[in-house]
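There are 2 protein chains.
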Amino acid sequence: MKKVVIVGGGFAGLSAARHLARKASLEVILIDQRNHHLFQPLLYQVATAGLNPADIAAPIRAQFSGVPNICVYMKRISGVRLGERQLTCEDGSLISYDYLVLACGTKHSYFDHPEWEEFAPGLKTIEQATEIRRRILSAFERAEDESDPDVQRSLLTFVIVGGGPTGVELAGAIADISRSVLVRDFRRINSASARVVLLEAGDRVLASFPASLSERARQDLGLLGVEVRTAARVVLINQDGVSIGGGEIISAKNVFWGAGVQAEKLGATLGVTLDKAGRIAVNPDLSVPSYQEVFVIGDMALVAIDDKTSVPGLAPAAVQMGKCAAENILALAGGRPTKSFYYWNKGQMATIGRRKAVAQLGKVHLIGYTAWMAWTFIHIFSLIGFKNRLVVFLEWTWSYLFSKRGARLITTRNWREEGPGKV
Amino acid sequence: MKKVVIVGGGFAGLSAARHLARKASLEVILIDQRNHHLFQPLLYQVATAGLNPADIAAPIRAQFSGVPNICVYMKRISGVRLGERQLTCEDGSLISYDYLVLACGTKHSYFDHPEWEEFAPGLKTIEQATEIRRRILSAFERAEDESDPDVQRSLLTFVIVGGGPTGVELAGAIADISRSVLVRDFRRINSASARVVLLEAGDRVLASFPASLSERARQDLGLLGVEVRTAARVVLINQDGVSIGGGEIISAKNVFWGAGVQAEKLGATLGVTLDKAGRIAVNPDLSVPSYQEVFVIGDMALVAIDDKTSVPGLAPAAVQMGKCAAENILALAGGRPTKSFYYWNKGQMATIGRRKAVAQLGKVHLIGYTAWMAWTFIHIFSLIGFKNRLVVFLEWTWSYLFSKRGARLITTRNWREEGPGKV
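Listed in order, the protein sequences are those of chains L and W. When we follow the numbering used here, the leftmost residue of the first sequence carries the number 1, and every step to the right adds one. When we follow the numbering used here, the leftmost residue of the second sequence carries the number 424, and every step to the right adds one.
Just chain L, same shape as in the assembly (with noise of 0.2 Å):
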């Protein structure tokens, strides 16, 4: 029997995995450092106190319960031996593998300035969301208790760096929890008051997007207070707030970042040519050059769709990698020619605020309510489990209905506890 090992179980290795479950002729082996698949899509939800970390993670070998050709390991890998056809793991174990399929996806990027991270937190993981919503709750509850002006000026100042779907979402979301949910909740400060701004590198947010979709947005954001700034270049970011080309400081005590991203680096211990994304350009069938065994994909892959384009790193893409995949290993153990990959492109969307979005979906351009009801739909049909898209969908009407959110929890990374002086 043939050994399939994934690594990953993002929207690529999950689907992969489920591509392959059942067939008797493969023993698969799904390791992710993390027991659980996360729709990193509604992300920005979690970070904003809109959803629960749970509601949009599913532990991944919960996905394969009753599949007997599939084992589950959360585990880490430190490096591929390709010629070797081996793993090695982080706890000095080795796996061999017959067919391998590298799904690790991307982590931030901080364009050389790694000391950038700890005042501005990036969105990718539970433990990253939960750590924005803790600064943008507790920024709010620091301010009503600050007797400086310039400090609470600060601390009601939110950056949010980045003008690509996360940012746009992020900024909306804050600026929509200050003007309705935290509203009465405060008797010193107005939260409404808060100043979010979002800075985009280029000349537009939205930048993959058609470009009059990034004008309505732009409009659609500066409706409900954000400033948006393009072509501002953060140059400096420290515990003041941020500095951009051209000399402006924005004194600002939450920064978060959705700039850049770079895949995660496994990819690199293969010795194999990677772009400056660090991803790997792999063959039309996703192989690995030289390696017809090795398949990469989702934002780890880079995939030409012609000279100038690539595939992008959006989940419907990954999940058409992982059904790919999957289909080549299974024609290369039965003897068969691999196929090419081709994309289908469903579209992208982002939504801004409560009741507003952009969306396209092939030549069609949604804006406002009725994108913003498509994304709904969209994104709450996406979700693994009947359980946690019927829990997403009470809390969004919850929240659509009487302004509030339903994860308002300031939580400490420290579970131990402390000292006298402790209320």
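Since the hints were derived computationally from the structure, they do not count as laboratory data. In this text, all values refer to a predicted model and were calculated from it rather than measured experimentally. Misleading hints may appear alongside valid ones.
[What the hints assert, rightly or not] Residues of chain W placed beyond 12 Å of chain L at every Cβ, according to the derived structure: (1) 449; (2) 505; (3) 630; (4) 641; (5) 647; (6) 668; (7) 730; (8) 734; (9) 765; (10) 790; (11) 803; (12) 839.
[What the hints assert, rightly or not] With a straight-line cut-off of 27 Å between C-alpha atoms, the simulated DSS-like cross-links for lysine-lysine are: (13) L:107 <-> L:323; (14) W:425 <-> W:762; (15) W:810 <-> L:404; (16) L:387 <-> W:810; (17) W:827 <-> L:387; (18) W:426 <-> W:746; (19) L:3 <-> L:276; (20) L:2 <-> L:23; (21) L:308 <-> L:323.
Positions of the beta carbon are idealized from the N, C-alpha and C atoms, including for glycine.
Given chain L, work out where chain W should sit, using these hints.
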């Protein structure tokens, strides 16, 4: 206008604040180091992946949105100066009061062995609950990937120290998830073979309940597969497990603490007499001896019922004390005499696994399924907010029907992205 300061937003503090809401003659400051009120009786459900943290937490300031005379601050208090009628804050500021209500609750006591905490977290906060959840779920994940049978056995051994309601509920829930929820998800281990040991130093579990209910709880725990060990005094806890008096060592990678509590240390700064659990013996009207303007309520207060018994550390008692303290402050402010606290004993209950409980409601004793239904509905209706009630009801219905748990999420304390080798 007289100023009332309430320290602590648990059951007692929140109840006091509610009874002072909209009393125009009083300005009320409610201070807690956290932004949320926590429904502690259901914390074990978060620890065992049954509920989300936010399901049993509610933002304190949202409870007083429309109440003009109550201000909420998230702040740490470091001391009380009774003579000056002032609180000292950790940030160095001072808060003066005309009336003070201390309702800081308890934390775990490790009986002069603080070094045990690292190996045996308690269950008082959201962070501790998610830490216990992380340890439980990770133990099964690590066991699946472990080849040494002794280590595997130790990973699948769960020791709970303390046979009070927390220990009983936690032990029952761990046995339940290992026997039902997880059992189809692993390939190499049988999760149902997990060993769950409940250690109690006294001669029976649930010592505060009638002896017949203790016996029934022991039997029901036994049916779930929990080893109940009474007269078992813990003498050592470390990374390998637990040693109990008589020389027996239980090899276990998972030890949880539900054995003892002590009052928060703020009480020690008052300079008044404390009992050995750190509680303050109060006057019949809940005021501190010699300081009629200072009230101590909830688990921090030692309130004698007769020579031998005192008011137990239960949520209904805390709520009643909060009301009494509020009424006595209104009496003092109006120049009227204060009233003595009368404890109306509503009874006590503890759940055992997913379908059983024991309950003492006055002279009525309930067991088994009936007690469990009573427990379920009383707890749902005691939660704050309609939405939390609805969500918890749905989660429990789901769990009851499908043997699933909605929050099987392992999260870590580190939000920052890690170095090379990340899967």
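Hint check:
A cut-off of 12 Å between C-beta atoms confirms that residue 449 of chain W is not in contact with chain L; the least separation is 15 Å. For residue 505 of chain W, the shortest C-beta to C-beta distance to chain L comes to about 17 Å, beyond the 12 Å cut-off, and the non-interface label holds. Its beta-carbon lying about 24 Å from the closest one in chain L, residue 630 of chain W satisfies the requirement of being farther than 12 Å from that chain. Even its closest Cβ contact with chain L, about 30 Å, leaves residue 641 of chain W beyond 12 Å, as expected for a residue assigned away from the interface.
In this structure residue 647 of chain W is separated from chain L by more than 12 Å, as the shortest Cβ-Cβ distance comes to about 22 Å. For residue 668 of chain W, the requirement that its beta carbon stay farther than 12 Å from each beta carbon of chain L is met, with the minimum near 26 Å. The Cβ of residue 730 of chain W lies farther than 12 Å from every Cβ of chain L, with a closest approach of about 32 Å, so its non-interface assignment holds. In this structure residue 734 of chain W is separated from chain L by more than 12 Å, as the shortest Cβ-Cβ distance comes to about 22 Å.
Even its closest Cβ contact with chain L, about 28 Å, leaves residue 765 of chain W beyond 12 Å, as expected for a residue assigned away from the interface. Every beta carbon of chain L lies more than 12 Å from that of residue 790 of chain W, the smallest distance being close to 31 Å; the non-interface claim holds. Distance check for residue 803 of chain W against chain L: the nearest CB is about 16 Å away, which clears 12 Å, and the non-interface claim stands. The claim that residue 839 of chain W lies off the interface is violated: its Cβ sits roughly 6 Å from the closest Cβ of chain L, which falls inside the 12 Å cut-off.
For the proposed pair residue 107 of chain L and residue 323 of chain L, the alpha carbon gap of about 23 Å is at most 27 Å, so the pair holds. Between the alpha carbons of residue 425 of chain W and residue 762 of chain W the distance comes to roughly 20 Å, so the proposed pair stays at or under 27 Å and holds. This hinted pair checks out: residue 810 of chain W and residue 404 of chain L have alpha carbons roughly 10 Å apart, not beyond 27 Å. With a C-alpha separation of about 16 Å, the suggested pair residue 387 of chain L and residue 810 of chain W falls inside the 27 Å cut-off, and the hint holds.
Under the criterion of a C-alpha separation no larger than 27 Å, the hint pairing residue 827 of chain W with residue 387 of chain L is consistent with the structure, at around 10 Å. Our distance criterion of 27 Å between C-alpha atoms is met by residue 426 of chain W and residue 746 of chain W, whose separation comes to about 17 Å. Between residue 3 of chain L and residue 276 of chain L the alpha-carbon distance is near 32 Å, which puts this suggested pair outside the 27 Å criterion. With a C-alpha separation of about 11 Å, the suggested pairing of residue 2 of chain L with residue 23 of chain L holds against the 27 Å cut-off.
The suggested pairing of residue 308 of chain L with residue 323 of chain L holds, with an alpha-carbon distance near 25 Å, which does not exceed 27 Å.
Figure legend: structure checked against the earlier numbered hints; hints not met, in rising order: 12, 19.
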